[in-house]
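In order, the protein sequences belong to chains R and D.
Per my numbering, the very first residue in the first sequence carries number 1; after that it's consecutive.
Per my numbering, the very first residue in the second sequence carries number 1; after that it's consecutive.
Just so you know, these hints were derived from the structure itself, not from any lab.
Ideal Cβ placement from N, Cα and C applies to all residues, glycine included.
Since no wrong hints were added, every one of them can be taken at face value.
Covered stretches of chain R, going by a simulated chain D footprint (3 or more residues, C-beta under 8 Å):
1. 248-259
2. 286-299
3. 303-309
4. 327-338
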Amino acid sequence: MSYLEYSVKSVPTGFRKILYLNWPLVLLLISVASVGFLMLYSVAGGSFSPWAAAQMKRFVMGMGLMFVIAMVPIWFWRNVSGVLYAGSLVLLVLVEMMGTVQMGAQRWIDLGFMRLQPSELMKITLVMFLASYYDWLPLNKTSRPLWILLPIVIILIPTFLVLRQPDLGTSLLLLMGGASVMFMAGLHWGYFAAVFAMGAGLITAVFQSRGTEWQLLKDYQYRRIDTFLDPATDPLGAGYHITQSKIALGSGGWTGRGFMQGTQSRLNFLPEKHTDFIFTTLAEEFGFVGAFSLLSLYALVIAFCLWSALSNKDRFSALMTVGIASTFFLFFAVNMSMVMGMAPVVGVPLPMVSYGGSAMLVLLVAFGMVQSAHVHRPR
Amino acid sequence: MKRPGADTSAAQQRMTRRGLLLGGAQLGFMALLGLRMRHLQVEQADEYRLLAEENRINIRLIAPARGEIYDRNGVVIAENEPSYRITIVREDAGNVDEVIKNLSTLIELDDSELNRAMTEMKRSPPFLPITVAERISWEEMSRVAVNAPALPGVTPEVGLSRKYPHSHDFAHVIGYVGPVSDYDLSKIEDPDQLLLIPRFQIGKVGLEAKIEEKLRGKAGTKRVEVNAVGRVMRELDRREGQAGDDLQLTIDQKLQSYIQARLGEESAAAVVMDCKSGEILAINSAPSFDPNLFVRGISVADYAALTENDHRPLATKSVQGTYPPGSTFKMVTALAALEHGVINSDNTVWCPGHLQVSNRRFHCWKRGGHGHMNLETALRESCDVYFYEIALEVGIDNITDMANRLGLGIRHNIPMSAVASGLTPTKAWKQRNRENPWVVGDTANASIGQGFVLTSPLQLAVMTARLASGKAVEPRLVKSINGIDQTVPAEEIPDLEVNPNHLRLVRKAMFAVSNHRRGTAYSKRIIADEFRLAGKTGTSQVRNITAAERRAGVIRNEDLPWGRRDHGLFVNFAPYDDPQIAVAVIIEHGGGSSAATPVARDITLQALYGGDPPLEAYPAKDRDAIKAQQERLRQEFPNLAASKRDRA
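Bound conformation, chain D alone (with noise of 0.2 Å):
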């Protein structure tokens, strides 16, 4: 029992006395908790607001539109087009495999792209959009739309990705884009933040790798409110990016339509240019490829058959293709020695059939030999010996400067991948790279194009320009960037500071050439006055002729396997009185001049008439041929028919 009393009363007091101690001591740490608040919510306000703006606030990137690139007369060879994709969030969508059963029901899925998503999204946060199905049609993306309450996460997303409408017309110009990859990235020095952007496209090869930089534009931005594991919640704001520049080209996209038809499955590689302003009009690479599968990402079987293909679609002959000219390069010869006066217009040689050169013949292509020769038969009639004879006087290094001159042997600065300079060789060259002494032999070799020189069909084409115009043009791929014009004025291109006269005898032979009655291409000769053309054969071997085999008597091209056979080349000017363009055209293992001389004159005549010519325009004997020609590629090219309704 308790004793109540005294003691009692003092433990109430002193209990009291305690807890009022507890309770003031509470008090006081509250106090201290309120300070702290009053710190932490007054005075450091602001520090701390604008620690949670930064946390809060993201900025992205947004990705600008391609700028597109035109033809000539505005016809459109790349393009943006939407493109439609279906995105699943992982978060959102719960059973992701029974959204994704309903959306098969809906859509096709493709299994190997629907794997990869799954594993994508596996390893990636669940509030992360991960794309299930790419490049639907508007009618699929609409049929998700519509069905959205049945497919929670689903979300179909718009964007732009390139297309090229002319496909394989163009393909080896524009080259491709494609998603940037890590390689991409290590060959930039500093890239821009734009190229992060997941399946941000980026130009590969061609002209969309190399003005890359103009036609990406910049990088808009939007603000965004995320969460701490980054999710966006809400846009704040956002500021457009620029468009990137648009492009207008110098080709005409229906004569290099035109061409790359006729080209077809041959190997084979077609320049045209404006003879005064040294404009590219086509510029043709055969066979071709789809580019659009590059796009969107080309299958390992699709791969492989461009890659195994003997023709090498891939290749851009027109620029990377190097081939020993061949008979083509017989003006250089001829230019080289009137200039250094080896030889005047009525200069002679005798040609019976073959020169000996110290202890080796060399010989002409007609083996009993064409007799006396001046500049203009040997020209038209392409005599070796006349030209052995000359270069032999003239001397291979003057043959090279006269080359480089014209244009041969010289990385041409035009927007594609892969330019090749060529190769025409000095004696210094040789030594350098041989280790042996330049010969005679060699002079021989190089003064019909054969040996050590190698020439690009675009220099071809610059080549026949230059003789034409007598003006030191340059390829020109862009005519204007964003609507700014690029063409260089025509009394800005410098003269070629070649004797005029000399190069009117030049342009007569290779008149000659197409309209004498002995010309080598007289068969294939334009007959309409006004068009009339000039141009040379050309065949360069790709094989030694033994003398043996010479002997035995030449095996036949059309004898030998396709491989084996020699390049036919043509180049050629038109019209003869008042010279437009220049074309250059090879036909690799094509047998012989005799291949490429009738694509070359099909080739003319397009671009003079900016259209299919009149058949009266071909010599009778070739109009049957010709009309069956025109007829079979406008049924199988029905775009081309197409196109030239539209003009008419």
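Only chain R is shown next, with the shape it has when bound in the complex (with noise of 0.2 Å):
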């Protein structure tokens, strides 16, 4: 159903919508963040600066941001989802074209205040542009060749784009995030076996075309794979990374060596620790109880996603709430499992924890369609 089907009415006005928040997905995020204050104040040794102080004060304008677009009503986020998706597609190509080179990948837009990393924002206008397609898309037409065509391309284009930057794990993200909202959109599953047989068949290319002048994948990209396949064959160098993180992890326990008394961290045997490996810090700190803690929240902001999403009978709604929900599944899920020596590591932050700026924006500003979807969903 359609938000053209119902009476408007219905819907809360002015101020009132603050009361149809979805609050335990605000106490969550709080929850979350809150976390990652702490463990940045950690590993700084116990000071605000540099990270703490910095990522809370992100954290208090993006919840601001978050409210701001949760009062917006959720028809017209709908409506501009299309300039959205190709400005950030705009932002991808000029990153391309003038973003600083930053440890060996073009990922950011200096704005001067902020550096604005596009594939950040891209991972939401997708969502919500495939969203509102679908929306849009009459339901007998959902699983026609033709039809999926166009969301393949929508989604392909920024992937390729973010690939070239180059950062695997973004463009993951998109892929997976953007398959989700087709997935929820009720493609036949058809498709899907299909795709997941060119995947192997993408992989074994991958694989195959390392070291010819084809080569799909930047030179450290592929030494991270192998280092993950086999960390041992290089403690030293590029299984570094893996091997310490699993030793902080390790050795963490049940309840941790206790805050601010992780020495791994502290030590510096870890590398970005502030950022895609803060994890670890928090495993080692807080033990088996503060990791399964944490995953726990991650959980629960899922579960409340899903079943705002279920329960919402407008279906852009629905598709670009499940859509994020997937994408923040990713993201902590990429990171926990990289951390922990279940994958590569590709270089994605833990959702709301790990310092950053944009990101931490962008996921907000996400959940802020997510609460704008609650607030106006059709009663």
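Take the two lone chains and join them into the complex the hints point to.
Right, here's the structure in full:
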């Protein structure tokens, strides 16, 4: 059912909308972010600078943004989703052309007051655009090949651009996030089976292309895959990250070494201790109990989003919410798998916890959309 | 427009189904993550905790204090002094140039040292402390410490560094230490980890090098927490090491310092030994150098000055220098002849001033000849012909055997660098090394300590001590190690196994050298009855006097350039009645024995009196000169006077 089919009058208006927010979700997000502040405070050696304070400031800003977005009716977001997608795409191309080089990969556009990472933005706008596409598309055409081609193109263009940056993690997230929306939209099983087959083919191609002129990934990406498959081969080189990360995690034990007592992260054995590898600090200092608690918080976030989506009769809202939830899930699932040695190191932050400007902001914007969908759901 | 109805509700149902499926799949994966966490954090926790400790804890060595060295009376000869240095950690300093500018207003910074520090800083990781100033004074260090807030990254550090308070006096005995070099490491088979500590000091030469292992001590350890790049975060615990063994030498610092002053700038060496125990009371080589310069790292200019000096300050002449012993060898020839029954005390030889040996004429130093000579008069007046005659009869191999028994031609085992074995030739030796058979002329030359014979001052002192005591004493330098006495008991020193009567004859003749009116050292005798000395003069030629030159009249030594003058030697023991000490002195290119005799007398008296002797010990005509000399030494070396007051 589309929003045009129910009475707009049943939707709360003005400041009353605040009462209709998905408050448990807000509280969950605050909890997760608080874990992040705690850990950033700890890895800085018990100091709010340089990370915790900045992160808190951004979180407050992001929460504000989230409320503002939540107040805007969801149908407005639906209507502008095409423009937002196009805008993100333009920014991605801009990054390709003029982005500054950081750590061997071009990902940023320096706006002066903050560094914008268009690939982060693309994670939401892609999901939104796909949701509005399937909202617009008559149901009976959903599984028609011609109508499938279009969303595939919509997904692949940004994926390809991000892969070129190169950012394997984000392109994976875009691909999977988009796929989850298509899956929810009711695409025929057969297509997914076909994609799996093709994925297997692609993996083969990636490995086959290695060392040839048309090599699909950069050398360091291949090395990451190699060391993922067998970290012991290079314990002090590329495998160092995974080995050290596992040591830090494992040494946490049941209850951890205690807050601020983690030795591995404090002593810089961990790479990127405040960003991609922040989970290891948590696991080291608070042990299995702490790590599992964070996982549970994440699970609750997903659960609340899914419940909100499935109880929403608006197709766009439901598809977008599931898409965002899936993207969020992919974030932490990939990050955790990575630090626990279950996936190659691809550079995906832990959502709402890792230090990082645009990731945090973009996630809160996304949850603003989820909240908007929740507030403005047909009743 | 959308159509409500069955189509929509079917789609809705499908979405719910798929949503639950997707949620289920995600939950499943989260369960997987949880299991993985459990596996790592619960099941393998111990293993990973162990790995984490290995990561974090590093064992560092603590340098032990080097053993100190004392003289026989407990005076410090080598000690450790706190050495203050200033280090900068680049990372903490921020603007290094600025910090160094601030630092230079507080203490004097050496430009070359600073340049070296800057290049070192560029090469090393930013957290490593780099030394910018070394051996600064305590005042300078406290000035830096007080101003610490204005000097980020600057740390005053304290370590131990070797110091030789008597600088020149013991340079050749003790040697010196210096930072371990790659060359040092290459010489050691399995180097102690300790040696890899930056700026750790190792004995380079002399006793410091010879007894290095005892002096060094054992490293302590401290466990420190380090981060991934090896920076020390904090110390967890420490186990102190074991300081090196303290060493007490047999040397008497006061005597050693006196002799060094007395030898002055002469190229000379002197050895004073206890006749009965073999303990070395003083062993000097002159000119000397300041070993502290080497500890600090000697400058190129200073080093060049030492190596280019023709008096060779770096050479340890007392043990390393070998010289023809000249007439001081005559006791050996005499004893060999006595022991083999070639002569007795009464046999006489006619000295016409020369002796024809095969086709060569061997001269006596006295051109007109000595006339009838027996053992005592021949030694007393140092008649060469007498010794040519008896040597030809007893043969070189017997003479060499006696020389070896008296400690000549033997590499004595004392812990100093480059101890020479000298040379006591045999017929077989010449055949081997010169590819010529031994000829009788060689024996004649050897009999008066010329030709092939080479001895070191140490060996001459040993010889004299053995003659005086009749015991086969060995030179000893170390009295105790870490409080454990190293003295060899008197009864364990073997007998010389030379007929005591023969020894007595030789000693009596040596007494005559100094105390008989016709003795060659009579003018430099001691008249204090209880301390009278018995000695033997020696002059060793450093050139051959040709027949033509002899006819034209031998050029007087004073007219020759320094490097071609004869060496002057004197050996003696004293007191004659109850020998306590043996002394050997050589003055390189001194022009003859007369250069060495007064030095040996002064040393003997100094040793026996334990300080400046009363003028009454000297013959009346020498007293004015001796008084002047004592005053001059006291003025030039105020430390000597000071130590004398200490004794009083």
